[in-house]
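So the protein sequences, as listed, match chains A and B. Quick note on our numbering: the first sequence kicks off at 1 and runs consecutively. Quick note on our numbering: the second sequence kicks off at 1 and runs consecutively.
Derived by calculation from the structure, the hints in this document are not laboratory data. Heads up, some of the hints might be wrong.
[Said to hold, decoys possible] Derived Cβ-Cβ restraints for the label pairs, each shown as a range:
no.	chain 1	residue 1	chain 2	residue 2	range
1	A	Leu171	B	Thr183	21 to 29 Å
2	B	Gly31	A	Thr172	43 to 51 Å
3	A	Gly126	B	Glu134	50 to 58 Å
4	B	Lys287	A	Leu68	38 to 46 Å
5	B	Arg123	A	Asp70	32 to 40 Å
[What the hints assert, rightly or not] Simulated crosslink set (DSS-like; lysine-lysine; CA at most 30 Å straight-line):
no.	chain 1	residue 1	chain 2	residue 2
6	B	Lys25	A	Lys123
7	A	Lys116	B	Lys280
8	A	Lys189	A	Lys109
9	A	Lys3	A	Lys232
10	B	Lys287	B	Lys207
11	A	Lys75	A	Lys109
12	B	Lys285	A	Lys108
13	A	Lys123	B	Lys285
14	A	Lys232	B	Lys280
15	A	Lys108	B	Lys25
16	A	Lys116	B	Lys207
17	A	Lys240	A	Lys188
18	B	Lys285	A	Lys115
19	B	Lys207	A	Lys108
20	B	Lys25	A	Lys109
21	A	Lys115	B	Lys25
22	A	Lys75	A	Lys7
23	A	Lys188	B	Lys285
24	A	Lys123	A	Lys232
25	A	Lys3	A	Lys108
26	A	Lys123	A	Lys108
27	B	Lys207	A	Lys115
28	B	Lys280	A	Lys109
29	A	Lys109	B	Lys207
30	B	Lys285	B	Lys25
31	A	Lys75	B	Lys207
32	B	Lys25	A	Lys120
33	A	Lys108	A	Lys75
34	A	Lys123	B	Lys207
35	A	Lys240	A	Lys75
Quick reminder that beta carbons are idealized off the backbone N, C-alpha and C, glycines included.
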Amino acid sequence: MSKLDLKNVTVIYPPPTKDTEEVHALENIDLTIEGNDFVVALGASGCGKTTLLNVMAGFIQPSGGEVLLDANPIKGPGADRGVVFQQHALLPWLNVIDNASFGLMLQKKNPAERKKIVSKYLKLVGLDEFLNHFPYQLSGGMQQRVGLARALSSDPAIMLMDEPLGALDALTREVMQELVLDIWNETKKMVFFITHSVDEAIFVATRLIVMSPRPGRIIKSYNLDFNLRFFKNRDARQVKSLPEFLAVRQEVLDIIHGDEIRIDQG
Amino acid sequence: MSFTNRLKETSKSYLSKLFGRGPVKPGEAYGAPGVGNSMGISIFTSIALIFLWWLITNMGWIKPLFLPSPEAVIAKFVDIWGEEFSGATLWGHIKASLFRVFGAFFLACITAIPIGIAMGVNRIFRGIFDPPIEFYRPIPPLGYLPLTIIWLGIEDTQKITLIFLAVFAPMALSARAGVRSVTIEQIQMAYSSGATRAQVIWHVILKGAMPEILTGMRIGIGFGWTTLVAAEMVAAEAGIGHMVLSAAEFLVTDVVIMGIIVIGAIAYTFDLFMRFVERKVVPWKGKM
Ligand SMILES: Nc1ncnc2c1ncn2[C@@H]1O[C@H](COP(=O)(O)OP(=O)(O)O)[C@@H](O)[C@H]1O
Ligand SMILES: [Mg+2]
Chain A
1 MSKLDLKNVT VIYPPPTKDT EEVHALENID LTIEGNDFVV ALGASGCGKT TLLNVMAGFI
61 QPSGGEVLLD ANPIKGPGAD RGVVFQQHAL LPWLNVIDNA SFGLMLQKKN PAERKKIVSK
121 YLKLVGLDEF LNHFPYQLSG GMQQRVGLAR ALSSDPAIML MDEPLGALDA LTREVMQELV
181 LDIWNETKKM VFFITHSVDE AIFVATRLIV MSPRPGRIIK SYNLDFNLRF FKNRDARQVK
241 SLPEFLAVRQ EVLDIIHGDE IRIDQG
Chain B
1 MSFTNRLKET SKSYLSKLFG RGPVKPGEAY GAPGVGNSMG ISIFTSIALI FLWWLITNMG
61 WIKPLFLPSP EAVIAKFVDI WGEEFSGATL WGHIKASLFR VFGAFFLACI TAIPIGIAMG
121 VNRIFRGIFD PPIEFYRPIP PLGYLPLTII WLGIEDTQKI TLIFLAVFAP MALSARAGVR
181 SVTIEQIQMA YSSGATRAQV IWHVILKGAM PEILTGMRIG IGFGWTTLVA AEMVAAEAGI
241 GHMVLSAAEF LVTDVVIMGI IVIGAIAYTF DLFMRFVERK VVPWKGKM
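Generate the whole structure from the sequences, applying the supplied hints.
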């Protein structure tokens, strides 16, 4: 079982313009993701969610603190952490199967081997009928499915997803939430998932961290199991209207809202 | 389907349009201005222009010395195809010019594209090549023509160099701009799929820059054609530009016009070919 450890992570960006101050995007973040965790980061825009993911992905080195994957410090991006972006990051000149097996191609695996590995994941995301389509021939939801298959294909220890469903319409989004949960359940991978939808966060998370900006930090953490309840009867709408669900939702909204008021005043 | 049936079908569709039941195209009425097929109009304009040319010359409104008739130009074309004019047959002139333009174009392709890419992905290359390219780029080739003669003489080397310089700058700048058309997400995607820096450049940036590289090639060869006549101005034995210039000296207007048409036709044909290549190589261009 893998484990991702953030210890006292601080990220400071240089001042965006002259005569402004440095941006404390993250301050003293402690977070451990392990086993079968599905960790969701929730917070208003600008509270450092993407920065946190970028640190885990290795796209930026923290100004302070350390990030360890199975006790090894993260020095840069790598195939052991699969990233799914908000806007799909597919390569328009490759078809679905080549996009999904891009990482395997980089590892110099031969086409037959690539196809064998990636077919499994394309089937998992429901794209096995679209192998030869090009990204521009797919809907937004399907493009994100390709992104998921691609991130899965290198068999990473953790999936890092930055608002992967943010650009989708409400109906597609609900379908995709279930898909992400199914993938998680099937592959037993750790997931770090960013969203600013409260309902989505509570529905998919086993652990929900609520973040607050300036400086970016975790102000509240919940252990949840609504996703497990979903697997029992596969009725998302029923789960989302459970009294417990609504209670958590109300509490989280109060925190975020109170936080906003506090910021407006100060 | 028989001809009368087809006729009926067509008139039916016109009729239904007339009565407001034809198919509608989205964006036709309130869409982006300028969409739709313009091929028919272009063909009509071309025919109208040639007809106008035919009319004013055959009616004797303009003297053949200033504008010879289309028939005279065609006759000249046939004449010179077999017979020498100013040192070579027409085919000889064409061959000499094609060699210069495509020689320069080829040399520009193998230098400007790699240098442009290198400028896009590497600070040091950008620092080195930016000042010279940006400095000479706006200078008209006629401006540095004398210098190329002093340095390189009057052989093909000088002519190809002159055309090469005109082609090089737009191609290098397009390739450099192409590098920028790749999104940061695509690059991060590649790195997090385990790519090395070299793999990112090869598999993501280079491919992503292809549309602009091809556009740069089209712009570049265009500059090549415009510089051809300048390159053949001094001491050429053959070449379309040379042919036009020496014909102009003796007021052989039909050869001048014929030469212009030949250059235009070759350039246009090659551009059509490049557009075909674009559709094959980057079918995804502009679609995402
Ligand atoms: N490259 C950067 N340079 C300077 N400031 C940045 C940069 N990226 C993000 N920031 C700032 O850091 C803060 C956190 O940004 P981000 O992590 O993108 O938040 P989120 O993803 O939660 O919206 C914001 O105030 C943002 O303006
Ligand atoms: Mg963000």
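Status of the hints after comparison with the structure:
no.: 1; hint: A/Leu171 with B/Thr183: 21 to 29 Å; verdict: holds (27 Å)
no.: 2; hint: B/Gly31 with A/Thr172: 43 to 51 Å; verdict: violated (26 Å)
no.: 3; hint: A/Gly126 with B/Glu134: 50 to 58 Å; verdict: holds (51 Å)
no.: 4; hint: B/Lys287 with A/Leu68: 38 to 46 Å; verdict: holds (42 Å)
no.: 5; hint: B/Arg123 with A/Asp70: 32 to 40 Å; verdict: holds (35 Å)
no.: 6; hint: B/Lys25 with A/Lys123; verdict: violated (37 Å)
no.: 7; hint: A/Lys116 with B/Lys280; verdict: holds (29 Å)
no.: 8; hint: A/Lys189 with A/Lys109; verdict: holds (23 Å)
no.: 9; hint: A/Lys3 with A/Lys232; verdict: holds (27 Å)
no.: 10; hint: B/Lys287 with B/Lys207; verdict: holds (15 Å)
no.: 11; hint: A/Lys75 with A/Lys109; verdict: holds (25 Å)
no.: 12; hint: B/Lys285 with A/Lys108; verdict: holds (28 Å)
no.: 13; hint: A/Lys123 with B/Lys285; verdict: holds (29 Å)
no.: 14; hint: A/Lys232 with B/Lys280; verdict: violated (50 Å)
no.: 15; hint: A/Lys108 with B/Lys25; verdict: violated (47 Å)
no.: 16; hint: A/Lys116 with B/Lys207; verdict: holds (26 Å)
no.: 17; hint: A/Lys240 with A/Lys188; verdict: holds (23 Å)
no.: 18; hint: B/Lys285 with A/Lys115; verdict: holds (26 Å)
no.: 19; hint: B/Lys207 with A/Lys108; verdict: holds (18 Å)
no.: 20; hint: B/Lys25 with A/Lys109; verdict: violated (47 Å)
no.: 21; hint: A/Lys115 with B/Lys25; verdict: violated (41 Å)
no.: 22; hint: A/Lys75 with A/Lys7; verdict: holds (15 Å)
no.: 23; hint: A/Lys188 with B/Lys285; verdict: violated (39 Å)
no.: 24; hint: A/Lys123 with A/Lys232; verdict: holds (23 Å)
no.: 25; hint: A/Lys3 with A/Lys108; verdict: holds (28 Å)
no.: 26; hint: A/Lys123 with A/Lys108; verdict: holds (23 Å)
no.: 27; hint: B/Lys207 with A/Lys115; verdict: holds (22 Å)
no.: 28; hint: B/Lys280 with A/Lys109; verdict: holds (27 Å)
no.: 29; hint: A/Lys109 with B/Lys207; verdict: holds (20 Å)
no.: 30; hint: B/Lys285 with B/Lys25; verdict: holds (23 Å)
no.: 31; hint: A/Lys75 with B/Lys207; verdict: holds (27 Å)
no.: 32; hint: B/Lys25 with A/Lys120; verdict: violated (41 Å)
no.: 33; hint: A/Lys108 with A/Lys75; verdict: holds (23 Å)
no.: 34; hint: A/Lys123 with B/Lys207; verdict: holds (28 Å)
no.: 35; hint: A/Lys240 with A/Lys75; verdict: violated (40 Å)
Comparing the model with each numbered hint stated earlier shows that hints 2, 6, 14, 15, 20, 21, 23, 32, 35 do not hold.
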